[in-house]
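If you read the sequences in order, they're chains A and B. The first sequence: position 435 = 424 (this note's numbering), numbered continuously. Positions in the second sequence are counted from 1; adding 18 to them yields this note's numbering.
Be a bit skeptical, because a hint or two may be false.
[As the list claims (entries may be wrong)] Simulated coverage check for chain A against chain B, where a stretch passes if three residues somewhere in it have a Cβ under 8 Å from a Cβ of chain B: (1) 252 to 264; (2) 335 to 344; (3) 386 to 398; (4) 420 to 428; (5) 503 to 513.
It should be emphasised that the hints constitute simulated quantities derived from the structure, not laboratory data. The C-beta atom is built at its ideal place from N, Cα and C for all residues, glycine as well.
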Amino acid sequence: MKRITSRAGVSAIAVAAGLAAGVAPNPAGTEPLVTDSLTLFGTPGVLSMPSAEVLKDAEIVASTTAIGGQLRNTFTFQIAPRLTGSFRYSRIEGYYTDGEDLSDRSFDLKFQLVEEQEGKWWPAVAIGLQDFLGTGIYSGEYIVATKSVSPRLRFSAGLGWGGLARYGVIDSFGTREAYVPGDEGGQVNATSWFQGDVAAFGGVSFRANDRLTLKAEYSTAGYLDEAGNDLLERESPWNFGLEYRIRDNTRVQAAYIGGSELAVQLSFSTNPRKPVAGTGSEAAPLPVAGRPARRSDPGAWETDWADDPAAKPGLRRVLGEAMAKEGLILEAMAFDARSVELRYRNTRFMAEPQAMGRIARILTRAMPASVESFKLVPVVNGMPTSRVTLRRSDVEELEHEGSAPMLARADISDARSAPDPAGLEPLPGQYPRFTYSLAPYLKLTAFDPEAPLRGDVGLRLSGRYDIATGWVLAGSITKKIAGNGGEDEDPSTSVLPHVRSDGALYAAKGDPAIETLTLAYYGRPGPDLYSRVTVGLLEPMFGGVSGELLWKPVNSRLALGAELNVVKQRDYDQLFSFRDYEVVTGHASAYYDFGNGYHGTLDVGRYLAGDWGATVALDREFDNGWKLGAYATFTDVSAEDFGEGSFDKGIRVTVPFSVFTGQATKQVASTTIRSLARDGGARLSVNGRLYETVRDTHRPELEDRWGRFWR
Amino acid sequence: MTVLRAGMMAALAAAGLVLAGCSNDPTKQGPSVAQLALQSLKGRGEKPKEVTPQQIAALVPVALNRIRGSALMALFRDNTQLAALGEQETRGPWRTYTTTEKQTLTLYRGLVAETRGLNYDLMSSEVGASAALVTARRGGEASRTMRWLDGEGHEVATRFACRISRDKVEPLQTVTAGTVSAVRMVEICRGGGQTFTNIYQVGGGGTVWNSRQWIGPENGYIALQLLRR
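The whole structure should be built from the sequences, with the hints applied where relevant.
Written out as structure tokens, the structure reads:
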């Protein structure tokens, strides 16, 4: 079984290399050949066959396709300008010999190797893997070329292997492992890629007008059921289709496949780079107020105001109120005649520079003329993170310029790199502080082979009590209203400790459930260092102690972290009792911001079932808050012991609310679509992990989002 | 109460909460996505109506009465939204006007250089060369740079080449300065695949009394009338 994991590892590296190439800037400013037309697999292409085309960069398309007893739900993301990734969840009626249906997950990748260039004869060329994780039933590989003859007319021709070479075989080389029904799947089966029979296919697409696209193809594709019979009858190699754009982001497609089957598809697209709600309609900031010329009004520049005992309460009140209107909470301040330092919490703006720009302008209106230095220190969970120092003269001078000159003159340092300023005092009334929220929740146990839509809806009451700086008591209770999350006909038979696979039992018995109840302390043990200790019911299935230390210099793209947890499994009822299982789990983590929005994480350590291994994650992050990523965990648990899927992997998506509302808010909705909740490679899910808490206020993120400073 | 009814009550309660939510946490304030979706469903199909001259005439005395200092009237979004703006801050040639809804326009010698609170805001502009010609009521060539944010919040600058020409001289009835002799100035700009035409009615001394100015590809043109200098 080692063989499989190492092979998967090699393939992961190959994929990463491909991604790096996809991310790399294009030579001579060429553009990839793009389309918004989909195959019946929900990928860019013709109908059954792929083309060399990719989607527009960052495009996300969700599609559902019905074709002869198969239902294919596909989520496709243009990972990089030349790299497309797809995740598919399909249901195939009567796949098994006994008439049972099959639920199948599959992943595709396509890379555009060669781009079409204006005035040059050569076509765009792409290479792709279909259903490449495991010898799944849709598995196949291809190399395909697409040439635009005119802006409306495109021809594609290519070679296919595997399922793409079911018919019209022209040659054969190497051997291809056959799919074994009932296999755990999920393994990267690279030795079979581009092996076995090969067939030649072709297609054409014609954009009749802005809304209608007509397609025809010569197909060589075919897929088999358990008994080895074709899933679709085929009387002709020719397929025909038409695709119609109903609205900008909605399309329907109908196709006649193999002279026998009718297929229909509905698809929706969105692009994180083009939020539907625009660039934000939050209220205008206050403008910068100028200072009187020193010569004409020297009195305004005097410094003795700082010794006036009324200055402190006055400034606190004025600044606190003006900032509160912007959702910025003044926690502490220090000032003298020349400078002011504000420590604040940003409850509203996704882009920290926008908060800073607004505070800077408020300060020009509130501080006497002699104050030249503005020091802004964001505080998260009681931890002061960075210190951004702005010169008031620069703020005055650059208010009507672009944002880059202001960034060039801002000084960004660690809040702990210098001792706290003299006279730094918290504002009264900051602690203790109680916040709560009551909101509905939806918990999906998605992609369960037995019941694809299994889950619960209910209400979640969360509370948070900030006792003192850095000390947080927090908890949440859920009460189910409706759902089938607790119904599981097949209890877990996992041979590993049941650290995650008893989810249905937890869902059935935990009603109401205490999801979390923790006491946490966040601190800054030294420059570049952040710490967290959390005690209590850490997550729905485990309780105990969790400690974390993070090293993250304010200007660095790299962060290193270490986490150690001593935890005990909680009872299914999710109240205060525990089961017998105990484990020491923890990871050493490296986080790296590659730039251009690409972000990598590596966690190495011991997982909840006591297994050792590593998790690799790669995310593409957009500066408006969208994130899409994928992760995979490889541990010393064998594929056999792991069960279906062979190893833990998944994709995760974070969508900011602001893209729908146009309002400034830090709220996001996040979800992880994992193959299945299995016991191998499972990580503790504790709240308040430091890296995500801290990095929005560090230089790389501040630079990325600085365009909103004057917003 | 039957089980069915209890279930329905619970479902209704949940639906209500989806729409309302409930929290004292400042990070969770504001309308929920569901509320906005509902609004957009309600709003769909109703095409906003153009502002009528009667509505404009009715707002003038109200605006002059309420606003101290310089006052502007603006028509946004294809003449469907009317707003009165009052001077909020003046620094050198820059003057910022605000509506009561906290939407602002910053003018550089009468030329719109920045907007805030309108969505797709014009972040900043370099319009010094155009402003010099327009306010001097002279024709000529000028270049201007305008900056917007893209969907990720990154600043994107576009440079425009502009031709400014002097059109007819006409008497102009102002609201607070009687009749002035105004020159109609036309500025045609091209850049970044866009073309726009701004029109200014400029009084002696370079005051831009009335204008129609382009503020971006999404927001298009706004019409401005200076009520009080």
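Per the coverage rule (Cβ-Cβ under 8 Å, at least three residues), is the segment 252 to 264 of chain A covered by chain B?
Contact hint for the segment 252 to 264 of chain A vs chain B: holds, 5 residues under 8 Å.
Annotated coverage of the segment 386 to 398 of chain A by chain B, confirmed only when three residues or more have a Cβ within 8 Å
With 6 residues close enough to chain B, the hint holds.
Under 8 Å between beta-carbons, do enough residues of the segment 420 to 428 of chain A, three at least, approach chain B for the coverage claim to hold?
holds (count 6)
Verify this for me: three or more residues of the segment 335 to 344 of chain A with a beta carbon less than 8 Å from a beta carbon of chain B.
holds (count 3)
Verify this for me: three or more residues of the segment 503 to 513 of chain A with a beta carbon less than 8 Å from a beta carbon of chain B.
With 0 residues closer than 8 Å to chain B, the segment 503 to 513 of chain A misses the three-residue bar; violated.
Consistency note: the structure conflicts with earlier hint 5 alone.
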